[in-house]
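Enquirer: Here is what each chain is made of, one letter per residue.
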Amino acid sequence: MKYRFQIIPSLCIGCRTCELACAFSHAHDKKPGRSRIYPIAYAPDKYVPVACLQCDDAACVKSCLFNALRRNDETGAIELDKERCVKCMACVAACPFGCALFDDVHDEVVKCDICEGTPACVQFCPTKALVYEKIPV
Amino acid sequence: MVHITINGKVVKAREGEMLLAAIRRQGIDIPALCHHEAVEPTGNCRLCMVEITREQWQGWKKYVTSCLYPVEEGLIVSTHTPELIEIRKNLLDLQLARCPNSEVIQQMAEEYGLTKSSYESRPDADNCIMCYACTRICEVLGKNAISAAGRGHDKIITPPFGEPPPDCIGCLACAQICPTDVILWTDDNTVRTIWDKKFDLISCSQCGKTTITRDFADYLIETRNLPREYFDTCDECKRKNLAHKMGDIVTAVEEVTL
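Protein chains in written order, with the numbering used here: chain P, 2 to 138; chain G, 19 to 276.
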């Protein structure tokens, strides 16, 4: 993996811009509820933007019985091949961080794909709590 | 990389892939019912027929199911010739006679100008077109819980002996892949019923929302080597837990630095 997606909770101010950026660049109907990043409050006014961490030994990839989830070596993201997905929900149930989810309105599994190398949430984060950077190999 | 000509346009295709994938990548819409990327192609519905020829064939051509035909260097493919439209129309006419109540087939037939089959419809018709997508996906899963039984027009897709299948894990892959939505299931609170077999759904230990069946989770834990606690909670609660865990670390670090 050449790149790494990082979340720095101490810098997050809970403005939910990442959620909007994700919804605008991805979701069918541009609704923030359909985004792939979720700023969650763990204490009053303290937030963690929870998003897929693209694990090295990912439970979603292991759980997929149809090889629909594969890592894109260039971006480091685990991408969902919608053509291969049969919506068995194994990945949704298996992800220990709950970051693969099912959109029941459009009947599809939704997962962060790092916007194919230019994550919208990172670009719009005002405090740089989200970082997508090259890591030394 | 191989080069093929699709409707007069030279395009590149990956070696070993099937014609259908190469054609669809060009944004050309060919109907297909039994095709799914996750299973081996079998060419059962035959709707994805295309015409192929080569320069050295001197005008000879043949019709092949594009889901089953691997790309070859120098192939010349046509997807919407009048003959092909006639073939697809005939196929849909037959499908419509078999499954007159299927919305998917009705819609496809309407695109080809058919509202009613010219053949006599099957009495007590269900919507199954015998494409075997369900049995093929069950095979990929490694379960083989359902298969075809009977012969000729009595052939049906069924669990062994028509009884609740002992190997089924209630993953719904067969129901989800079915192009005509024949396979029905119900989720009633924490009980899922499919193929007349009842399954326990896992309820989230924090909020009670149901996720997948216990049998499916057991199968994943066993074959894919996943820890059991991954399946205890629903995705929303897992996100909250992650946020709280990260939050605890942030607070701990802040306390130390202060």
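No lab work stands behind these hints, which were simulated from the structure alone. Note that CB positions come from ideal geometry on N, CA and C, so glycine has one too. Treat the hints loosely; a few may be bogus.
Covered stretches of chain P (in silico footprint by chain G; criterion: 3 or more residues with CB under 8 Å from a CB of chain G, positions within the stretch not fixed) [as the list claims (entries may be wrong)]:
1) 3-14
2) 55-64
3) 78-91
4) 126-136
Enquirer: Enumerate the violated hints, using their earlier numbering and listing them in ascending order.
Expert: 4
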